[in-house]
Amino acid sequence: MIIVLQAYHIFHIVHFHFFDDRKLLLHKTLHYAVSYAGAR
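Under our numbering, the first residue of the sequence shown carries the number 82, and numbering increases by one thereafter.
Because the hints were derived from the structure by calculation, they are not lab data.
All values derive from a computational prediction rather than experimental measurement.
Among the hints, a few may not be true.
Simulated restraints, written as ranges between beta carbons of each label pair [unchecked claim]:
1) Arg103 to Ile83: 26 to 32 Å
2) Val85 to Thr110: 14 to 20 Å
3) Leu107 to Val85: 16 to 22 Å
4) Tyr117 to Ile91: 16 to 22 Å
5) Ile84 to Tyr113: 28 to 34 Å
6) Ile94 to Ala118: 15 to 21 Å
7) Leu106 to Leu86: 17 to 23 Å
8) Ile83 to Lys109: 17 to 23 Å
9) Ile91 to Ala118: 16 to 22 Å
10) Ile94 to Tyr117: 26 to 32 Å
Glycine included, every Cβ here is placed at the ideal spot set by N, Cα and C.
Required output: the full structure, derived from the provided sequences and hints.
Encoded structure:
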């Protein structure tokens, strides 16, 4: 599970500059939701 979260985080960083503000906000929201679910 940790590896999946790390891979997702790397994906997030790599694609950071390719998202416009609206997609970036959605992506970050999803990222935090996944991180929160993984932390529980």
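Now the hints, each set against the structure:
1. At about 30 Å, the CB distance of arginine 103 to isoleucine 83 agrees with the hint of 26 to 32 Å.
2. The hinted range of 14 to 20 Å is satisfied by valine 85 and threonine 110, whose Cβ atoms lie roughly 18 Å apart.
3. About 20 Å separates the C-beta atoms of leucine 107 and valine 85, a value consistent with the hinted range of 16 to 22 Å.
4. Against the hinted window of 16 to 22 Å, the Cβ-Cβ separation of tyrosine 117 and isoleucine 91 comes to about 18 Å, which satisfies the hint.
5. Between isoleucine 84 and tyrosine 113 the Cβ separation comes to about 19 Å, which falls outside the hinted range of 28 to 34 Å.
6. The hinted window of 15 to 21 Å between isoleucine 94 and alanine 118 holds, with their beta carbons roughly 19 Å apart.
7. Here the CB-CB span from leucine 106 to leucine 86 is close to 20 Å, well matched to the stated 17 to 23 Å.
8. For the pair isoleucine 83 and lysine 109, the beta carbons lie near 20 Å from each other, so the given range of 17 to 23 Å is met.
9. The given range of 16 to 22 Å is respected by isoleucine 91 and alanine 118, whose C-beta atoms sit roughly 18 Å from each other.
10. A beta carbon spacing of about 18 Å between isoleucine 94 and tyrosine 117 contradicts the range 26 to 32 Å that was offered as a hint.
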